[in-house]
Amino acid sequence: MAYLFEMYSLSASYGTNMVLQDVNFRVNENDFIGVIGPNGGGKTTLLRVILGLVKPVSGKMVFNSDLLNGNSIGYLPQISTGDVNYPVTVTDIILSGLMIRKGFISRMSPDDKKKADKVIEELGLSGMSKSILTELSGGQMQRVFLGRAIIGDPRLLLLDEPGNFVDMTFENDFYEKLRDLNKRMAILMVSHDVGTISAHIKSFACVNRSLHYHPSHEITNEDLLAYGCPIQLVTHGDVPHTVLKYHK
Amino acid sequence: METNIFQYSFIIKGLLGAIFASITAGLAGTYVVSKRMVFLSGGITHASFGGIGIGFFIGINPVIGAAVFGILSALGVEYLSVKQKIREDSAIGILWAFGMAIGIIFIYLTPGYTPNLMSYLFGSILTVSRADIIALGIMSAILILYFGIFYRTILYISFDEVFARTYSSYVDVFKYITTSLIALTIVLNIRMAGVVLVISLLTIPPNIAMLFTRVYFKIVIWSILVGFIGTATGYVISYYAGIPVGATIIFTLVILWVIVKGVIQLIWKLTKKNTLITH
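The listed protein sequences correspond, in order, to chains V and Y.
Heads up, the first sequence is in our numbering, so the first residue is 36 and it goes up one at a time.
Heads up, the second sequence is in our numbering, so the first residue is 24 and it goes up one at a time.
Simulated from the structure, these hints should not be mistaken for lab results.
Bear in mind the structure is a predicted one, so any value in this text is a computation, not a measurement.
Be a bit skeptical, because a hint or two may be false.
Said to hold, decoys possible - Pulled a few chain V residues facing chain Y out of the computed Cβ check, cut under 10 Å:
| no. | residue |
| --- | --- |
| 1 | Tyr49 |
| 2 | Leu88 |
| 3 | Lys90 |
| 4 | Asp118 |
| 5 | Thr124 |
| 6 | Ile128 |
| 7 | Ser131 |
| 8 | Gly138 |
| 9 | Ile140 |
| 10 | Met143 |
| 11 | Ser166 |
To be verified - Over 12 Å on every C-beta distance to chain V, these chain Y residues come out as not near it, computed from the model:
| no. | residue |
| --- | --- |
| 12 | Leu144 |
| 13 | Ser203 |
| 14 | Leu279 |
Claimed, not checked - Below, simulated BS3-like cross-link-like pairs (lysine-lysine); rule was C-alpha separation at most 25 Å, straight line:
| no. | chain 1 | residue 1 | chain 2 | residue 2 |
| --- | --- | --- | --- | --- |
| 15 | Y | Lys108 | Y | Lys198 |
| 16 | Y | Lys241 | V | Lys149 |
| 17 | V | Lys148 | Y | Lys241 |
| 18 | Y | Lys106 | V | Lys90 |
| 19 | V | Lys137 | V | Lys90 |
For every residue, glycine included, the Cβ atom is placed at its ideal position computed from N, Cα and C.
Bound conformation, chain V alone (with noise of 0.2 Å):
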């Protein structure tokens, strides 16, 4: 299979503080990998080296070009920045996802309202395409959200955290619509909620300062203690899941 990029032996601080060490990870075509690990551990720093935020200190990074560069990431942040009471519409809010490939001058096409106009009723916002975020409900501004993310046809898409701002409702609707883009794209998502995506995620990595990569999607209570990954068990119905203990 077709890797997006590899890290070898990549390490990144901020400051003297050294947050990943010795990074070795390879994410492939359709990879669904969700990233687990313990608060301050590095999981979002990890994503911020992706992005090309963060510069890594030592090692290096290689993306396969033929398949990803800079223009084929898509990137669901945390909820925290954007003001929800800012005056701009679905619409060009998801528009905004195209950025990295337009100049400063940045015109919008009629293709890329179309395209707009596609991801909008994909993620089932029709109707609220000249909304703005105060409007709707948070499992909606996460999807609009997403849809910034997606509407680039990335390669490679980096969700942090998708569940922080989910209602439950739309919880299973959102991972069922993640099951559909990883057709489309690999998926790299950070989560503390291992009982949800383990039923979703192909892999896992454990990001705790190293990280351990694990090519099933099982998660055991060995694996969580050998690799060191204090986890609070998030669970609810229907999903199939498996419990864990508390443990440290």
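Since chain V is already given, all that's left is putting chain Y on it; use the hints.
Chain Y alone, transformed into the frame defined by chain V:
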């Protein structure tokens, strides 16, 4: 005859002043209000008074001094809050008072009487010169071009700066340019409305516009229209009543806001009743 010419130029000056003030204040004001930068803008306005004082003291056009102080204080707040880790609102408060203090000290040190001082504090159309109007006109053109060409870039950076950084390395450049243009807009409008009142010229029109629409582009258009109505009406009233123009414009705008909000609420109540009846 001479009175007629005087009146004619007075009307032209007032009309052009109203048009350019509403264009610049509408564009800058929508940005300021959407991004919740009203306090920062108030700080820039008052800090620029330091430049006015120094301008009087060394005998240059006070607007030039104000422009320098306005831009430096805008960038100074950014520097103090990001690099020196001082809380942003505290940094604004410090520069706000510091600028005023410098202004007062230098005006006190300036020999003789400074006749225009009141016009800088409270605005006066009488002292607005041809050069002031031309400067406002050029500023209108610059802002229209800037926001026209970079509309989405500016909109997206101001909506979600963190996300914008994931796709562009020029976020800070745009932030600094936009903030500097806003500082210049404020300084040029000080001639119309005065240091104390100019912030309302920026904030009231977008707030009236937001009663009609929540789409950024439309807020700009409505703000300019509303701003023009308020400025022109205030101008006429001040002319006939013989009261200061800056205060009259702000008073008119606030009254306009209250009326529009009242009418909208009334309509809303009536239509709600109607729906109850039709159901």
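Going through the hints against the structure:
| no. | hint | result |
| --- | --- | --- |
| 1 | Tyr49 | violated (15 Å) |
| 2 | Leu88 | holds (6 Å) |
| 3 | Lys90 | violated (12 Å) |
| 4 | Asp118 | holds (7 Å) |
| 5 | Thr124 | holds (6 Å) |
| 6 | Ile128 | holds (7 Å) |
| 7 | Ser131 | holds (5 Å) |
| 8 | Gly138 | holds (9 Å) |
| 9 | Ile140 | holds (6 Å) |
| 10 | Met143 | holds (7 Å) |
| 11 | Ser166 | holds (8 Å) |
| 12 | Leu144 | holds (33 Å) |
| 13 | Ser203 | holds (17 Å) |
| 14 | Leu279 | holds (20 Å) |
| 15 | Y:Lys108 with Y:Lys198 | holds (19 Å) |
| 16 | Y:Lys241 with V:Lys149 | holds (22 Å) |
| 17 | V:Lys148 with Y:Lys241 | holds (18 Å) |
| 18 | Y:Lys106 with V:Lys90 | holds (21 Å) |
| 19 | V:Lys137 with V:Lys90 | holds (23 Å) |
Consistency note: the structure conflicts with the earlier hints numbered 1 and 3.
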